[in-house]
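Trainee: Spelled out, the chains give:
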Amino acid sequence: MSSDSDNEQIEATSDAKSASAKTSPPSEKEIELPKFEKGLADKIVEKFGTRIKVAFVKPDRVRINVGRDDVKEVAEFLRDVLNFDHAESVSGVDYPQDKEIEVVYHLGSYTDSSLARQILVLATRAQREENPIPGNDTTKLPSLREIFYSVEFHEREIFEMFGVYFQGHPDNRRLLLPEDWADLPPLRKDFAIKGR
Amino acid sequence: MNKELPPGLALQKVDERIMTLNVGPQHPGSGHMRIIVQIDGDFIVACDPDPGYVHRGEEKMAEYRNYITNIPHLERPVIHDSCNVLYPYVLGVEELLGIEVPERAKYIRVIASELNRCVYTMYWLAIYGIFLGHSTMFMWPAGDRELLIDLLEKMTGARVTHAHFVPGGVRNDLPPNFEDVCLRQVNYFEKRIKEYAAIFYDNPILIARTANTGVLSREDAIRLGTTGSVLRASGVDYDLRKKEPYDVYDELDFQTNVLKEGDSYARSKIPWLDMMESCRIIRHALQKMPKSGSVRVKLKPNPKGGDASVYKRVESGRGSLGCYIVSDKKPEPYRVKLSVGSFRNLIALPYLLKGEKLGNMPSVYWSLNYWPVEADR
Amino acid sequence: MSVIAPNFKFSEFVKSILDNIFWILLIFVLIGLPAVFIILFYIEMPVINGELLTPFLALTWLADPSRTLPILKAFMTTDLFRIAAFPGFGFAALLAAGTIFIERKMLAKLQLRVGPFYCGKIEGILQLMGDGLKLISKEIIIPAKADKPIFWAAPIIFVATAAAFVALIPVAPGWVVADVDVGLLAVFAIIGFFPIITILSAWSSNSKFPFIGGIRALHQMVSFEIPLILSLLGVVILTGTLNLSEIVASQTNFPWIIFLPIGAIIFFITILAELERIPFDLPEAESEIVAGWLTEFSGMIYGLVQLGTYLKLYAFAALFVVLFLGGWTGPMIWPPFPEEIITDGIVIGPIHAKIPGLPVFSQEMLNGVLWFVIKTVGVIFFILLPRGVFPRIRIDMLLSLGWYKLIGLAFVNIFIALGLLYAGVLGPGGIL
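Residue numbers (the working numbering), protein chains in the order written: chain A, 540 to 735; chain B, 893 to 1269; chain C, 26 to 457.
Hints in this document: simulated from the structure, not taken from any laboratory. Honestly, I wouldn't trust all of these hints.
Covered, in the sense of this in silico footprint (three residues per stretch, anywhere, with C-beta under 8 angstroms from a C-beta of chain B), are these stretches of chain A [what the hints assert, rightly or not]:
no., region
1, 584-592
2, 606-615
3, 635-649
4, 652-658
Idealized CB from N, CA, C, for every residue including glycine.
So here's chain A without its partners, still in its complex pose:
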């Protein structure tokens, strides 16, 4: 179905697009922030001030970075005041050069229909150790399981995949990995796949 002329056209447009992609992120921030999302971010800033940092405000997505001591308090505020009632996903990201492991909660809301499109990204960072002993080193974070019940299995997964121990989690057992796994937590960057 496709012809040569089509391809040329697409090539041309894609070049233009990729060029604009390189320049677009800063310009977007300057020009306009989505109103509703800006309001959400402002509410959080109003409450916590400098203890949190709004990383970005994009359409439907607001990201805030929180220190590990404040994460519980912020989460409670998000649930009680802003009506975010469940966690969609909890991801860990390993940053060896920063000596930190980031844990990212993606929070959503079923009860508040105005928040149905929104995802609030709550990120916090734990200390990273070169020789991890999962559960018995300083890589620890407070668990959000009492605030968002739905993070239970996600936090178990983060514990085995990154070695981040969640204090206050009632059930810090292995979930996906075998019981006799004795290697590094596998999703850390220093765990290399064979042959790569």
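Chain A is fixed; fit chains B and C onto it per the hints.
Mentor: Coordinates of chains B and C only, in the frame set by chain A:
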């Protein structure tokens, strides 16, 4: 003076009454996972799901391959629903690279995604049937599924692992005369699935068995963060195709199916009702689709993402499916996380099985629309 | 390069065969022949056509059909024939196997697939035989902690009990293995064995899923035995006898299902439960408890249990026919044996063979067997049909069905029978 029980009835400890059963991983009623069930007589007193038998490290693998070569292996978690599994990843990469998708490709994606949802749901329904001991309900969906698989084969070239969605559109245009064949097959398919009501969904034994078992209330469904059919069977009207429309879902005419009961029967009925909506969507999309035009924006080889992160989600056959991509100006993503519906619904299993009868275990377990391979990734 | 037998030499192969033949002949001549003669010496040989049958005379059967038929007839009057071949084991197994084949094809058609197709030339007719051969050739695995004597014995007892049940079924007038006066009571006694065997085998395999399956089977069979027995009391009240042959004979004018339809329905439902058929296959519920009490069985042990189940299926269907559908009674549709073969013999070209002793079976007997087979196959068909339509039910639903509904209905059935009896409509001295 205490009344003494006869020696046979007086047990020393409560624990002596309790038997631990290992349901799975080699069990016809478990799939690729293990459920450690503790039963007291015929009642389940505790349940501990143990997934991970098919963990393949998709997320780790994704960190070693570039954005395009990630496509064929990221669809592996659910090969029956492979288009939908890829969908959030592709949407996320498009946002990272700043690509605008042609209009025709969006419609093709929606059609492929809805066909795939039906294929997955038929497979799920077949297993639900055999879990309840209904062998006809195993054979019928497994056979009728072929109709749509043939369509997808015409469309993408592969029967289950399509790898059809690419950042910037779809891999190939539709074959000639596809619209007519698709319309005919989908109409026949809809006629067939309506017949399932007579043999399965209106069956008095089925209703007596699954109604009022494993009831998940609206509050608990929200608190546990369930998604997809489990959530909608508990009375929460939340479908990402309506709430956060991606591609062209906001231009199409369909409705969300919501039931209030929250029991196994409602949970099993929602996917079936969704299939009829899918047929509607496909027909409408075929009608509105631009008849010609390009279907793919050609990318530069080895594209690099910016220093950003995106979280995109779609409504898959098992509920909301999110993909969190962190990029760091390299051809490979820094981190890819799939937040899958099965994994999110698994948390409801211990909650629902507690206090149920052992005979209800397969129906409650499979009504969660759970796919072990997807949960393990 | 892979070769199946690397050191194969054809000459050695021939030599080994010749060796085997030599040794077999030697052992047969030295041990076998004397043993045969010793046995024949002590056995009282029958007198046929006025001459005593000697072992040497017996060899002439092979050549002369006029000598063969009387021997055959003499053999057919023995108990061995009745137990092993005709009204007993062989007939039942063949009938059940044929019905299973029909069931598999029918279920396949219902489910829009083909069913058995490749084994045997016609539509996979030998599939059941193939399955049996597969089971025979498989290894028997016994759990390490099983109670071995009981574990071995349970399938054998199961088949033996099912065969004992088959022995009570009258197929045609006079054709029954055990014609006991308390036939129906004997049936109840034999049915009572099945839960015991099930729980024994389940317990002895020392495994959790068989144990749960055994407990379920025990609950199911015990709770459905009571409505089963009660549903048959109506027939006993009306006929005034427990002998199954007499019960059939009492139905020459009309089958009891016309007057006792409730009893027949209850009996049919209890049959489904006793046979562990869908929707009552809880003891073998696959997705819940793997295979229930059959989980640890493998190879021919499992094959024996399947054989016993088929025999049981036949026996229950036949019991339904005997009690409610009039057994062998029915209009005469079997053609009479051609007279000229008896008087003139068979003429094929130059050969003119006159065979005394024909016909082997009487016309009434063949007609009775035909009707019996037709009815039994029909009942088996209805027993197997729910498999394609219903899901499995749950144990609490099953028990409440058995204890509340079926027992209540069974009493209604008994009152109908009593009413008919005291009104003088039916029964001994009734107007019909």
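Trainee: Each hint should be assessed against the structure and marked as holding or not.
Mentor: Now for the hints, and whether the structure bears them out:
Counting residues of the region 584-592 of chain A whose C-beta sits closer than 8 angstroms to any C-beta of chain B gives 0, which falls short of three, so the coverage hint is violated. Only residues whose C-beta sits within less than 8 angstroms of a C-beta in chain B count toward coverage, and the region 606-615 of chain A has 0 of them, not enough to reach three; the restraint is violated. Note: the region 635-649 of chain A has 3 residues with beta-carbon separation from chain B under 8 angstroms; the three-residue rule is met and the coverage holds. Counting residues of the region 652-658 of chain A whose C-beta lies closer than 8 angstroms to any C-beta of chain B gives 3; at least three are required, and the coverage claim holds.
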